[in-house]
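A.B. asks: Residues per chain, in single letters:
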Amino acid sequence: MADEITRRKFLERGIGVMAGAVTIGIGGVALTSIGAPAVTNKLEGKWVEAGSASDLAPDKFNPVGLVYESKDGWMEGKSKMLAYVKVSGENILALSATCSHLGCNVNIDDSTGGFKCPCHTGVYDAAGKNISGPPPKPLKKLEAKIEDGKLMINTMPKEEA
Amino acid sequence: MLGRIIDVFDRRLKFKEDFKKNVLDHPVPQRINLTYCFGGISFLLYMLLAATGIAMIFFYVPSVDHAFVTVEYITFDLPLGNILRGIHHWSANIMIVVLFLHMLRVYVYGAYKNPREFNWITGVVLFAFVLAFGFTGYLLPWDQKAYWATKVGVLMPQSAPVAGPFISKLLMGGDQLGALTISRFYAVHVAVLPIITVVFLVGHFLMIRRTGIAEPL
Ligand code: HEM
Ligand code: FES
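First to last, the sequence lines map onto chains A and B. Here the numbering used here is used: the first residue of the first sequence is 1, the next is one more, and so on. Here the numbering used here is used: the first residue of the second sequence is 1001, the next is one more, and so on.
Think of the hints as simulated: they come from the structure by calculation, not from any bench. Be aware that a few hints might be false.
[Stated by the list, open to error] The calculated DMTMM-like cross-link candidates involving lysine to aspartate or glutamate, where the alpha carbons are at most 25 Å apart (straight line), are: (1) A/Lys140 to A/Glu49; (2) A/Lys137 to A/Asp59; (3) A/Lys78 to A/Glu49; (4) A/Lys145 to A/Glu49; (5) A/Lys78 to B/Asp1077; (6) A/Lys71 to B/Asp1143; (7) A/Lys80 to B/Asp1065; (8) A/Lys42 to B/Asp1175; (9) A/Lys137 to B/Glu1017; (10) A/Lys78 to B/Asp1065.
Chain A with its partners taken away, still in its complex shape:
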C-alpha cells in the first residue's frame, strides 16, 4: 500500500499541521492588528473657527492656519492644517494648501496670485487649478462660511477647485 500511514508519517504530518496552524493563526492575528488602523484610524472632518473675518485682506488669498482637536489612535490632541482663503464680496473661496501631488503645503506665489509647491515645483493658478509641474489635480476646495463675523472652515475637502 502506497499511502500506508506509519506511526512516523502520522507524527510528521501532525507536527506539520500544528506548526502550520500556529503560524497562520499567530501571523494572522499579528498582521490583522498591524493593518487595521489603515481602515479604523479615520480623520474626521470638522467645522473650525478660524479667526475673525475682518482680519482677512479682501480679494486676495490669506493663509489661515486651522488648529483643531482630533484623535489619532491613542493621541488626543491638536491637528493642524493650512488653508488659503479669498473673500471677494459675498464669495468665499477656501482652498486646502495640500498639494495634489504628494501632499506638501503649497505657498502663495505673489507674482501670479496663484500657488507654488516647494517640493517639486508644482504650479497652480489663482483658482487653484494645476497648471504646471507634477500635480495631477487642482487644489481641494474647503467649505467655508462667515458666521457672526467669524470665519468657519470645514477641514474635510469637498471637491476640487
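Mind docking chain B with the ligands on chain A? Use the hints.
C.D. replies: Showing chain B with the ligands alone in chain A's frame:
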C-alpha cells in the same frame, strides 16, 4: 593571559584548530583585490548601526510629542550623544554608497552568474531592506525635514492603481501622518528590519561559503 583563558576552553572544546583551518587559513582565489572588501565593509557598517542604534533606543521615544525632544537631548545634552548619533547617521549614509560599490564589483566581475544567482537575489533583498531602514529611520527625528520627506514618501504608492490609496494608509496607520505612523516606522526600523536583515545576511554568507568567492577577471 587572554591566550591562557582561551586555552582553558580549547583543551575541552577544541575549536582553535577549526578556527585556524576555516577562518584564518581559508583558501581564497589568488589576485583578489580591494574591491572584494565592500561586502565586508557593509557588514561592518551594519554592526556599527546596530550598536549605535541600540544605544539610542535607551533615550529615543517614538511619539509625536517626545521624538523631537529626545533626539534633541541625544544630540545636545547627552555626553557623547552627538557622536553616537553622528556615527549612526554617517554609517547609514556611507552604507548606501558602499553597498552600491559592492553590487558594482559583483556585476563587473560577473560574480552573480551560476552558481551564485541566489547570492545576487538575497543581495537585492538586503539592499531593499537597507533602503527601508533609511526610509523608516528618516522619519524618527520628527523635525520638518523628516515630516515632509516622509509625507511625500508615504503618498507615492497612492498613484498605483487599485491598492494604491490603501497601501498609503497602511504605511501611515490611518488617514494622517501622525502618532501611529511614527510608532510603526519605529517598530519596523528597530525590530522587524534588523531581524529579517540578519536572516538574509546569514543566508548570503553561508552561500558564499558553499560556492567560494568568484575568481577575479
Ligand atoms: C539594528 C539596527 C538599527 C537600530 C537599532 C537603529 C535605531 C535607530 C534609532 C533609535 C534612531 C533614532 C535616533 C536618531 O534619529 O538619531 C535611528 C535613526 C536613523 N536610522 Fe537607524 N537603526 C538601525 C539600523 C539602521 C540602518 C541599517 C540604516 C540605514 C542604512 C539606518 C538609518 C537611520 C537613519 C537615516 C536615521 C535618522 C538619523 C538622523 O538623521 O537622526 N538605521 N535609528
Ligand atoms: S508635493 Fe507639490 S509638487 Fe510634489
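A.B. asks: Taking the hints in turn, state whether each one holds.
C.D. replies: Right, here's what the structure says about each hint:
1. Only pairs whose Cα atoms come within 25 Å are accepted, and A/Lys140 paired with A/Glu49 is accepted, the gap being roughly 19 Å.
2. For the hint linking A/Lys137 to A/Asp59, the alpha-carbon distance of about 24 Å falls within 25 Å, and the restraint holds.
3. Under the criterion of a C-alpha separation no larger than 25 Å, the hint pairing A/Lys78 with A/Glu49 is consistent with the structure, at around 14 Å.
4. Of the supplied pair hints, the one linking A/Lys145 and A/Glu49 holds, its CA atoms being roughly 10 Å apart against a limit of 25 Å.
5. For a cut-off of 25 Å, the pair hint linking A/Lys78 to B/Asp1077 is broken: about 28 Å separates their Cα positions.
6. Between A/Lys71 and B/Asp1143, the direct Cα distance comes to roughly 21 Å. Compliance with the 25 Å bound is thereby established for this hinted pair.
7. With a C-alpha separation of about 14 Å, the suggested pairing of A/Lys80 with B/Asp1065 holds against the 25 Å cut-off.
8. Annotation: proposed proximity of A/Lys42 to B/Asp1175 holds, straight-line Cα distance about 5 Å (limit 25 Å).
9. A distance of roughly 69 Å separates the Cα atoms of A/Lys137 and B/Glu1017; the hinted pair therefore is violated under the 25 Å criterion.
10. Restraint check: the Cα-Cα separation between A/Lys78 and B/Asp1065 comes to about 11 Å, which is no more than 25 Å; the hinted pair holds.
When the structure is compared with the earlier hints, violations turn up for hints 5 and 9 and for no others.
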